[in-house]
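J.: Counting in this note's numbering, the final residue of the sequence shown is number 149, and the numbers go up one at a time with none missing.
Please note: incorrect hints may appear among the correct ones.
Restricting the straight-line Cα-Cα distance to at most 25 Å, the calculated cross-link-like pairs of lysine-lysine (DSS-like) are [claimed, not checked]: (1) Lys73 - Lys126; (2) Lys76 - Lys146; (3) Lys39 - Lys73.
DEER-style ranges, computed between Cβ atoms [said to hold, decoys possible]: (4) Thr45 - Tyr77: 26 to 36 Å; (5) Asp37 - Lys113: 12 to 22 Å; (6) Leu118 - Arg91: 16 to 26 Å; (7) Lys113 - Lys36: 14 to 24 Å; (8) Ser34 - Ser112: 21 to 31 Å; (9) Lys76 - Lys36: 16 to 26 Å; (10) Ser34 - Ser72: 37 to 47 Å; (11) Lys126 - Thr55: 22 to 32 Å; (12) Gly90 - Asn67: 39 to 49 Å; (13) Thr135 - Glu35: 37 to 47 Å; (14) Glu35 - Tyr77: 30 to 40 Å.
By construction, these hints were calculated from the structure, which means they are not laboratory data.
All of these numbers come straight from a predicted model, not from anything done at the bench.
Glycine is no exception: its CB is placed at the ideal position from the N, C-alpha and C atoms.
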Amino acid sequence: MIKNKLVKFVLIILFSLCLFSCNFYSEKDAKKYLPGTYLYQFPSGETSILVVNQDFTFNNKVYSKDKKYLLYKTNGTMEVEGRHITFYYFLLFFDHNESEMVFSKPDVGLLTNSYWEKPKDDKDVSTIEINSYNYIFKKIE
9 MIKNKLVKFV LIILFSLCLF SCNFYSEKDA KKYLPGTYLY QFPSGETSIL
59 VVNQDFTFNN KVYSKDKKYL LYKTNGTMEV EGRHITFYYF LLFFDHNESE
109 MVFSKPDVGL LTNSYWEKPK DDKDVSTIEI NSYNYIFKKI E
């Protein structure tokens, strides 16, 4: 009787640990999946390229609609804790949701409402979601 209870208890613990580890984002995962080049296209046609380096520094550039002209750029650092990302010196556009917008000059600042997703199954694509600005950067390299 006691052995059955012990076995059930151990199985429940193992099952719970498996569920937890499936949804856990470790520093090792971040170092493996986050570095690379990401793309976001604004509704107005301009393109933002975000390059995340192995040391969690980044480069953020925004190009014109025809992708010939560099409009804005910044370099910064980021902190990663689980799925959450904090960007320092990110390009912030406050009028980005307007469909026919002409970009105002961006602020460069702290961006905290950011998350990343690991690739699922056989897809080799990660995404970075910036909730407060509705950006979803898709990994292209």
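J.: Next step is simple, just say for each hint if it's right about the structure.
T.: Hints and how they fare:
{"no.": "1", "hint": "Lys73 - Lys126", "verdict": "violated (29 Å)"}
{"no.": "2", "hint": "Lys76 - Lys146", "verdict": "holds (21 Å)"}
{"no.": "3", "hint": "Lys39 - Lys73", "verdict": "violated (32 Å)"}
{"no.": "4", "hint": "Thr45 - Tyr77: 26 to 36 Å", "verdict": "violated (19 Å)"}
{"no.": "5", "hint": "Asp37 - Lys113: 12 to 22 Å", "verdict": "violated (36 Å)"}
{"no.": "6", "hint": "Leu118 - Arg91: 16 to 26 Å", "verdict": "holds (18 Å)"}
{"no.": "7", "hint": "Lys113 - Lys36: 14 to 24 Å", "verdict": "violated (39 Å)"}
{"no.": "8", "hint": "Ser34 - Ser112: 21 to 31 Å", "verdict": "violated (39 Å)"}
{"no.": "9", "hint": "Lys76 - Lys36: 16 to 26 Å", "verdict": "violated (39 Å)"}
{"no.": "10", "hint": "Ser34 - Ser72: 37 to 47 Å", "verdict": "holds (39 Å)"}
{"no.": "11", "hint": "Lys126 - Thr55: 22 to 32 Å", "verdict": "holds (24 Å)"}
{"no.": "12", "hint": "Gly90 - Asn67: 39 to 49 Å", "verdict": "violated (24 Å)"}
{"no.": "13", "hint": "Thr135 - Glu35: 37 to 47 Å", "verdict": "violated (19 Å)"}
{"no.": "14", "hint": "Glu35 - Tyr77: 30 to 40 Å", "verdict": "holds (38 Å)"}
In terms of the numbered hints stated before, the structure departs from hints 1, 3, 4, 5, 7, 8, 9, 12 and 13, listed from lowest to highest.
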